[in-house]
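Chemist: Heads up: the protein sequence lines correspond to chains A and B, in order. Mapping to full-length UniProt numbering: the first sequence position 165 is 165, numbers consecutive. Mapping to full-length UniProt numbering: the second sequence position 13 is 13, numbers consecutive.
Bear in mind the hints are in silico, worked out from the structure with no lab data behind them. Note that CB positions come from ideal geometry on N, CA and C, so glycine has one too.
Interface residues of chain A toward chain B, partial, derived using beta-carbon atoms under 10 Å: (1) 118; (2) 125; (3) 140; (4) 142; (5) 216.
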Amino acid sequence: MDSQLPRLLGVATGETLYMTSVAAALVLLAGLPLGVLLVVTDRGGLWERPALNRVLGTLVNVGRSVPFIILMVAIVPLTRLLVGTTIGTTAAIVPLVVAAIPFMGRVVEQSLREVDAGLVEAAIAMGSTHRRIVFQVLIPEALPSLVRGTALVIISLLGYSAMAGAVGGGGLGDLAVKYGYMRFRTDVMVGCLVVLLVLVQFVQWLGDALASRFDHTGARSSR
Amino acid sequence: MITFRGVSKVYTAGGREVAALRNVSLRVEAGEIHGVLGQSGAGKSTLIRCANLLERPTEGSVSVDGQDLLALSPEALRKARQGIGMIFQHFNLFGSKTVAANVAYPLEVAGAPREAIRERVEELLSLVGLSDKAQAYPSQLSGGQKQRVGIARALAPRPRVLLSDEATSALDPETTRSVLGLLRDINQKLGVTLLLITHQMDVVKAICDSVSVLERGRLVEQGKVTELLAHPSTRLHQLCFPAFAPPTDAPSGRRVALTLAGEHARRPLLGTLARQFDVDALLVEGAMERVGNTRVGRLLVDLQGSAEAVSQALAYLREQGLTLEEAAHG
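Please build the complete structure, drawing on both the sequences and the hints.
Modeler: Here you go:
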């Protein structure tokens with residue numbers, strides 16, 4: 001019976017990594033432009049579009065206020081449309097992405113807003129295009145903060161993915177519930193927790209390491 | 001080179017209208033250094049930001065190098081801005097870029113080829129004395145070094161106009177002097193026209209050819225620094241030489257305030273009074289200030305001697321074209 005444990009944990013870890021990494025890639029791809037739009041379309045922004053800004057802001061708030069477990073079952077039709085099925089690991093990626101994009105959007109928005117307005121002003125005074133200001137000034141200046149924010153979003157995705165069992169997505173959360181809880185397998189429960197803990201620690205460590213590598217605002221000079 | 005015509009800027013804040021600039025007209029000739037002097041809240045910052053349309057005036061027109069900025073399309077305005085450098089009180093350097101990359105930025109904006117950018121960056125860093133810091137990040141530099149990078153960056157696309165927004169206000173006095181010296185050099189060697197705003201009279205005295213005094217959004221005075229300082233009635237003179245405190249002692253002679261400027265400041269006037277009129281001058285209070293290459297001063301003196309001799313001496317001083325005011329006897 002004990003020999004089952006490594007196999008079970010291995011499969012579940014694979015499923016969790018698959019769901020989280022694919023979802024994270026898609027979330028990054030969509031969340032970055034969303035965050036940029038939230039900043040530039042705001043009043044006083046580079047590309048002022050108050051109506052669009054309000055619509056985006058409202059969508060983000062709605063997305064963020066729906067509990068994940070409910071979102072997952074509520075968007076089943078969308079999932080079917082996109083991946084052709086509503087159950088399984090791949091199907092679980094759809095709600096993960098939908099839930100995390102608004103979160104990522106806000107994280108990006110906040111990072112970009114922390115950039116000193118004086119830098120944007122200097123860039124405008126030098127005759128920069130808006131495109132250049134976004135890609136050469138806002139994003140590079142916010143990079144350490146963006147990286148930390150991304151780590152935060154990925155860790156949240158790891159958390160959300162624990163609920164993917166509800167749609168047959170498998171993963172560590174599912175394993176912990178089905179074996180660790182329902183079959184009283186304490187070893188499985190502990191194993192799942194340890195793997196999750198290691199994953200979270202790793203993402204956090206990587207995020208911090210990358211962020212301080214990109215940070216040239218003082219801390220680095222003392223190294 | 002820079003012309004403001006009837007420029008007003010009104011902000012609406014919480015339903016209330018606040019006028020930051022009221023009907024400001026200003027002319028900065030090519031090749032000169034023009035200072036706008038004013039206290040915080042006078043509207044200086046708004047004024048200089050109108051010179052490259054970081055702020056759009058509510059009324060009036062702004063032209064730089066013959067171009068009416070308000071008439072330009074967004075694309076043409078971007079092009080025009082590439083010819084107007086700007087430096088800032090807090091430097092506004094890109095913290096994620098090296099010193100060299102900061103200086104290269106405006107050249108990339110202008111679409112210069114890579115090789116030309118590299119050469120120009122080297123040339124500029126050597127101009128501001130920071131060749132050894134090319135690969136450093138701004139956070140590793142002192143305030144004075146940061147402003148030098150700011151100046152190098154602003155000059156990169158060879159602008160004909162440089163705007164300075166309180167560029168020395170965050171620096172210590174010694175660094176201020178060296179940055180002002182650099183700005184003076186740039187003005188003289190490269191012929192760049194400078195418009196600077198400051199709340200420091202020292203900056204005006206050190207490098208400005210002409211000056212405007214801004215108070216509560218209005219220009220109250222405009223002219224050559226030396227000419228304005230030579231007249232005790234001007235605002236600039238009063239700011240430079242605060243009124244003498246009411247005397248606590250009885251005057252020991254006829255008490256007069258003398259304003260020395262230009263020619264007068266270069267002659268031993270008090271000695272002349274003693275030799276020619278047998279009038280001694282007791283210095284009560286006063287100051288001589290260096291303004292660019294000349295001196296301007298204001299002295300309070302008690303002229304001692306026979307009443308007739310003192311009258312003759314005063315007549316002589318007036319004849320020389322000196323401005324003198326007799327202190328009221330208390």
